[in-house]
Amino acid sequence: MPAPSIVWFRDDLRLADHPALHAALVRGGPIVLLYLFDEQSPGIRPLGGATRWWLHHSLTAHAAAIARLGGRLVLRRGAAEVEIPRLVAETGADAVFWNRRYGASREVDARLKSALRAGGVEVASFAANLLVEPWEVTTEAGTPYQVFTPFWRAARERPMREPRPAPRALPAGPPAASDDLDAWELLPTRPDWAAGLRATWEPGEAAAHRRLERFAGNGLAAYHRRDEPAVGTSGLGPHLRFGELSPAQNWHRMHGALGPEARRNVPKFLAELGWREFNWSILYAHPDLATRNYRPAYDDFPWSWDRGPEVEAWQQGRTGIPLVDAGMRELWRTGTMHNRVRMVVASFLVKNLLRHWRIGEEWFWDTLVDADEANNPGNWQWVAGSGADAAPYFRVFNPDLQATKFDPDGEYVRRWLPAGERLAPIVDLAASRRDALAAFATLRR
Numbered sequence: 001m002p003a004p005s006i007v008w009f010r011d012d013l014r015l016a017d018h019p020a021l022h023a024a025l026v027r028g029g030p031i032v033l034l035y036l037f038d039e040q041s042p043g044i045r046p047l048g049g050a051t052r053w054w055l056h057h058s059l060t061a062h063a064a065a066i067a068r069l070g071g072r073l074v075l076r077r078g079a080a081e082v083e084i085p086r087l088v089a090e091t092g093a094d095a096v097f098w099n100r101r102y103g104a105s106r107e108v109d110a111r112l113k114s115a116l117r118a119g120g121v122e123v124a125s126f127a128a129n130l131l132v133e134p135w136e137v138t139t140e141a142g143t144p145y146q147v148f149t150p151f152w153r154a155a156r157e158r159p160m161r162e163p164r165p166a167p168r169a170l171p172a173g174p175p176a177a178s179d180d181l182d183a184w185e186l187l188p189t190r191p192d193w194a195a196g197l198r199a200t201w202e203p204g205e206a207a208a209h210r211r212l213e214r215f216a217g218n219g220l221a222a223y224h225r226r227d228e229p230a231v232g233t234s235g236l237g238p239h240l241r242f243g244e245l246s247p248a249q250n251w252h253r254m255h256g257a258l259g260p261e262a263r264r265n266v267p268k269f270l271a272e273l274g275w276r277e278f279n280w281s282i283l284y285a286h287p288d289l290a291t292r293n294y295r296p297a298y299d300d301f302p303w304s305w306d307r308g309p310e311v312e313a314w315q316q317g318r319t320g321i322p323l324v325d326a327g328m329r330e331l332w333r334t335g336t337m338h339n340r341v342r343m344v345v346a347s348f349l350v351k352n353l354l355r356h357w358r359i360g361e362e363w364f365w366d367t368l369v370d371a372d373e374a375n376n377p378g379n380w381q382w383v384a385g386s387g388a389d390a391a392p393y394f395r396v397f398n399p400d401l402q403a404t405k406f407d408p409d410g411e412y413v414r415r416w417l418p419a420g421e422r423l424a425p426i427v428d429l430a431a432s433r434r435d436a437l438a439a440f441a442t443l444r445r
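Residues 1 to 445 in UniProt numbering are what the sequence shown lists, from first letter to last.
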């Protein structure tokens, strides 16, 4: 009996287009399929409440899909540099495979790879979760791009790998102790605030492909209206965040879309994938993106850290600004928010209320089902003006004008605000805009 291989799942909870799993299958022999819940290793950011909810259900679906093919998902909790060698010793595995990650946790992977190889274990990591590796797309000087347009122009010129199909069977590995998923307490109980998430989402690889097909078949044709919050977007974000779909699968499926309207909208949709790639390239070069200004000049910006009544009103959707309140209530109910409205509510917090972008980033981290360590801080810094290719600080989204332009009939606002509800605005939009511009002027001086 050959020694087993270990395939270590992370944010890639799928069986199709999984290069690490494919490598283990090509190698032959039994395979131990592992998910390690690691919130202890350096560089790991503990999950927020909404992503913990998604992870529980995604792991449930992943384990069931694996069992149908004859395998078994082993669940462990702890630091990777402790638990992976321990599982190697328990199972007699002589190979470990995983798909690469690109934040600060990649240093954990590098140390683990060296330690395992020193012990005679074969180790390999693979490109799977981005269209292009961050180090593959650089300027002529060899530095990371700081502006999206030239980054995406260079990235999309690179060949995109073809997705691999899912295996038809999985060779079971040797017995290995596995945690009870419920014992991880990923689901909210006191109180159970996840009713809206359950009504909105179905996590898992199979559900991700159903949503992808619905969008490619119907939603893509209307994607030119993506700025209208009543129309909605693809809904693929959380499936990408947890790797239930790969970017390569999205790329090739969109290129196979039928109909002139759908084909016309493909470049715009792929540019949204490109923005995700851009943020991951920024995170790769700046692992502290969630805690430090990308542009050091903003270290002196006079943002307030006050988390008092105004921030609470923003979190609860009680600012008295209809589009802001609708967006924040959509977020609390469903774990998501329309992309344009995300920009509006972020601008309101950072510029009209002059609160530090990290306050908003941390709230989104806790409440978004698609919050990831690159897009979430990257997008907040973009709105704040402190990030890469950022919106100029003097660009202050006026929520009322945005509603007039993109929700002219008030359909989106009515969807999320009770009829007849009228709250007094907590801030004057025009006066607070002047205050924001005055603060920006002090920074420039």
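Since the hints were derived computationally from the structure, they do not count as laboratory data.
None of these values were measured; they are calculated from a predicted model.
Any given hint could turn out to be false.
Derived CB-CB ranges, DEER-like [what the hints assert, rightly or not]: (1) 159 / 106: 21 to 29 Å; (2) 89 / 27: 13 to 21 Å; (3) 308 / 411: 31 to 39 Å; (4) 366 / 252: 47 to 55 Å; (5) 202 / 431: 27 to 35 Å.
Backbone N, C-alpha and C fix where the C-beta goes; we use that ideal spot for every residue, glycine too.
Results of checking the hints against the structure:
1. Taking the beta carbon of each, residue 159 and residue 106 are about 24 Å apart, inside 21 to 29 Å as hinted.
2. As the Cβ distance of residue 89 to residue 27 is approximately 20 Å, the hint placing it in 13 to 21 Å holds.
3. A C-beta distance of roughly 33 Å is found between residue 308 and residue 411, which places it inside the suggested range of 31 to 39 Å.
4. Range check, residue 366 to residue 252: Cβ separation about 34 Å, and the 47 to 55 Å hint is violated.
5. Between residue 202 and residue 431, the C-beta spacing of about 45 Å breaks the proposed range 27 to 35 Å.
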